[in-house]
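*Asks:* Residue numbers (this note's numbering): 955 to 1003.
Possibly wrong hints are sitting among the right ones.
Unchecked claim - Listed next, with one range per pair, are the computed distances between beta-carbon atoms:
| hint | residue 1 | residue 2 | range |
| --- | --- | --- | --- |
| 1 | 955 | 988 | 32 to 38 Å |
| 2 | 973 | 1002 | 14 to 20 Å |
| 3 | 965 | 1000 | 27 to 33 Å |
The hints are simulated quantities; they were obtained by calculation from the structure and are not laboratory data.
We treat Cβ as the ideally placed atom computed from N, Cα and C, and that holds for glycine.
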Amino acid sequence: GLDCYLETQKEDNLAYYRRFGYDVEHELRPVPNGPPLWTLRRPPRPPEV
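With the hints as extra help, turn the sequences into a complete structure.
*Replies:* This is the structure in structure tokens:
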């Protein structure tokens, strides 16, 4: 399997992505006083047979 990465700007999406095995890596503020940006990663899974 492959490592998967995604980004979201909606906090409501975090619970949705966690259901699929993603974990928050970072909460960023690319623009001062702007909205947050979360980066998430899911570790590789063994291939399905």
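*Asks:* Each hint: holds or not?
*Replies:* Cross-check of the supplied hints:
no.: 1; hint: 955 to 988: 32 to 38 Å; result: holds (34 Å)
no.: 2; hint: 973 to 1002: 14 to 20 Å; result: holds (18 Å)
no.: 3; hint: 965 to 1000: 27 to 33 Å; result: holds (31 Å)
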